[in-house]
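Engineer: Each chain, letter by letter, is given below.
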Amino acid sequence: MSDEEVESATRVNPALLEQIHDGDRAAFSALIREHQRSVFFLSLRLTSGDEAFARDIVQKTFLQAWTHRASFRGEASFKSWILRIASNLAKNELRKAWRRREVASPPDEGEKGLSFGQPGPKNAFEQLAHGEARTYLRQAVDKLPNQQRRVVLLRLYEDLSFKEVGELCGISPNNAKVNFHHAVKNIRKFLAAQGVAA
Amino acid sequence: MNCPDPDLLTLVASLDSRNEADESEVLGDWTLDELRQHFSSCTRCREQSDDWSASLGHWQEVDLVRAGDFDAAYFEELAGTVERTLDGLEATHTPIKLSDRRLGQTWTAAMMSIAAVALLGLGLLWQKAEPTGETTPLTETSPRTSGNLEGELEAQGREIGRQILAAASAGDGEGYGEGEGLWTSADLLSPSADDEYDYFYSTSIHDIVDSLETDEVRSIISRL
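Residue numbers (the numbering used here), protein chains in the order written: chain A, 1 to 198; chain W, 1001 to 1224.
Where hints are given, some of them may not hold.
Per label pair, the in silico range of CB-to-CB distance [claimed, not checked]:
1. A:Thr-135 to W:Thr-1043: 32 to 38 Å
2. W:Asp-1050 to A:His-68: 42 to 48 Å
3. A:Arg-99 to W:Ala-1067: 27 to 33 Å
4. W:Thr-1031 to A:Ser-48: 35 to 41 Å
5. W:Leu-1125 to A:His-68: 56 to 62 Å
6. A:Arg-99 to W:Asp-1069: 28 to 34 Å
7. A:Ser-48 to W:Thr-1085: 21 to 27 Å
8. A:Arg-73 to W:Thr-1043: 47 to 53 Å
9. A:Arg-99 to W:Ala-1116: 53 to 59 Å
10. A:Glu-132 to W:Thr-1043: 28 to 34 Å
11. W:Gly-1057 to A:Glu-132: 16 to 22 Å
12. W:Glu-1077 to A:Asn-92: 41 to 47 Å
13. A:Thr-67 to W:Leu-1125: 53 to 59 Å
Per the computed footprint, the stretches of chain W lying under chain A, defined by three or more beta-carbons under 8 Å from a beta-carbon of chain A, are [claimed, not checked]:
14. 1032-1040
15. 1050-1057
16. 1062-1068
17. 1078-1089
So, partial list: chain A residues that the calculated Cβ filter (under 8 Å) puts toward chain W [as the list claims (entries may be wrong)]:
18. Ile-32
19. Gln-36
20. Leu-44
21. Arg-45
22. Val-58
23. Gln-59
24. Lys-91
25. Arg-95
26. Lys-177
27. Phe-180
28. His-181
29. Val-184
30. Lys-185
The set of hints was computed from the structure by calculation and includes no laboratory data. Computed from a predicted structure; not experimentally measured. The beta carbon of each residue, even a glycine, is placed where N, CA and C say it ideally should be.
Using the sequences and the hints, build the whole thing.
Structural biologist: As structure tokens, then:
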């Protein structure tokens, strides 16, 4: 299925969209059940596993989506729209949490501070148990600048096109590609520095 | 051999699991077919591309979270929580009743009340006036007589309203009533207030007028 066909298939049915605009909660509930996993796991990954945070973002996301349902005209996929809301909410909540010093590191937008040290002996990342590999991967992704983090998570785990990733992150598709490229190279550099070259 | 930019290979690696017909621009000057043909003859590029594909595939498999810990029952419960949040939103979002509206939105009510006060004041004036040999029409004796009696009454009523507000609020420094959102004199006389009748405001005006002694009303009117 081509990108266009996928996007077309994920667009909300016009009749369903009209029901939602008319305030039909049952129709909206169907969309909650269809898309809450994506929102939940995106939020969970952005915080490396904070379940309470992820649940909070799910609630706030669908609350915002319901409140502003009139602004969704069905031109893009509902998934893109809802993930954009979730992504922005998560970004804002993380900033607030950092200001309250509830999270370890401040949000940074550049590549400063990405020092990986000297690469250690090469061990196969693939040979690590999933739990251990996951720990390293989380650390690597946490070290990324915010934009690179969001782009790589959306591309790798939400299977979105660069066009959709760009729309969600408020950047051009080309910028999304650049961020993705830098993100994967930085992840690999970090893993190599930990001696678990991937 | 004309090899693609090595940086392109990270992007190509992310394409492998998808049919990227609409993302052909991802590859810049290359099409996916051209790249695959190149890989068939260029070992270095093929190995680099395969290396990236393996890494990305493994990162996807490992994931940052243990997705398997969250089953269907978990998400059913989460959906229920979201529904209850939306129910709560709808329960608090009740239509605003007219009687609950802030006084600041009742310009017409204010003018009607001021006109009522003006008429009351004029009525009292007529009642208490000394009898004279002749009865002269109000319009001939009023210092502000003009051909438009209604306009005159409205102007006088507005002034009386100002005086009454000043008198009513002089003692305790408050506007009508209590609590937030009630009119101050500036709000009352603001032309920006809208036209809908506000029962609470007009009741307060009448209460104030009723509470004044006749002499007090005459005193206010005599200052016109």
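Engineer: Would you mind marking each hint as holding or not holding in the structure?
Structural biologist: Here is what the structure says about each hint:
no.	hint	verdict
1	A:Thr-135 to W:Thr-1043: 32 to 38 Å	holds, 34 Å
2	W:Asp-1050 to A:His-68: 42 to 48 Å	holds, 45 Å
3	A:Arg-99 to W:Ala-1067: 27 to 33 Å	holds, 30 Å
4	W:Thr-1031 to A:Ser-48: 35 to 41 Å	holds, 38 Å
5	W:Leu-1125 to A:His-68: 56 to 62 Å	holds, 58 Å
6	A:Arg-99 to W:Asp-1069: 28 to 34 Å	holds, 30 Å
7	A:Ser-48 to W:Thr-1085: 21 to 27 Å	holds, 25 Å
8	A:Arg-73 to W:Thr-1043: 47 to 53 Å	holds, 50 Å
9	A:Arg-99 to W:Ala-1116: 53 to 59 Å	holds, 56 Å
10	A:Glu-132 to W:Thr-1043: 28 to 34 Å	holds, 32 Å
11	W:Gly-1057 to A:Glu-132: 16 to 22 Å	holds, 18 Å
12	W:Glu-1077 to A:Asn-92: 41 to 47 Å	violated, 26 Å
13	A:Thr-67 to W:Leu-1125: 53 to 59 Å	holds, 57 Å
14	1032-1040	violated (count 0)
15	1050-1057	holds (count 4)
16	1062-1068	holds (count 6)
17	1078-1089	holds (count 8)
18	Ile-32	holds, 5 Å
19	Gln-36	holds, 6 Å
20	Leu-44	holds, 5 Å
21	Arg-45	holds, 4 Å
22	Val-58	holds, 6 Å
23	Gln-59	holds, 5 Å
24	Lys-91	violated, 17 Å
25	Arg-95	violated, 20 Å
26	Lys-177	holds, 6 Å
27	Phe-180	holds, 7 Å
28	His-181	holds, 5 Å
29	Val-184	holds, 5 Å
30	Lys-185	holds, 7 Å
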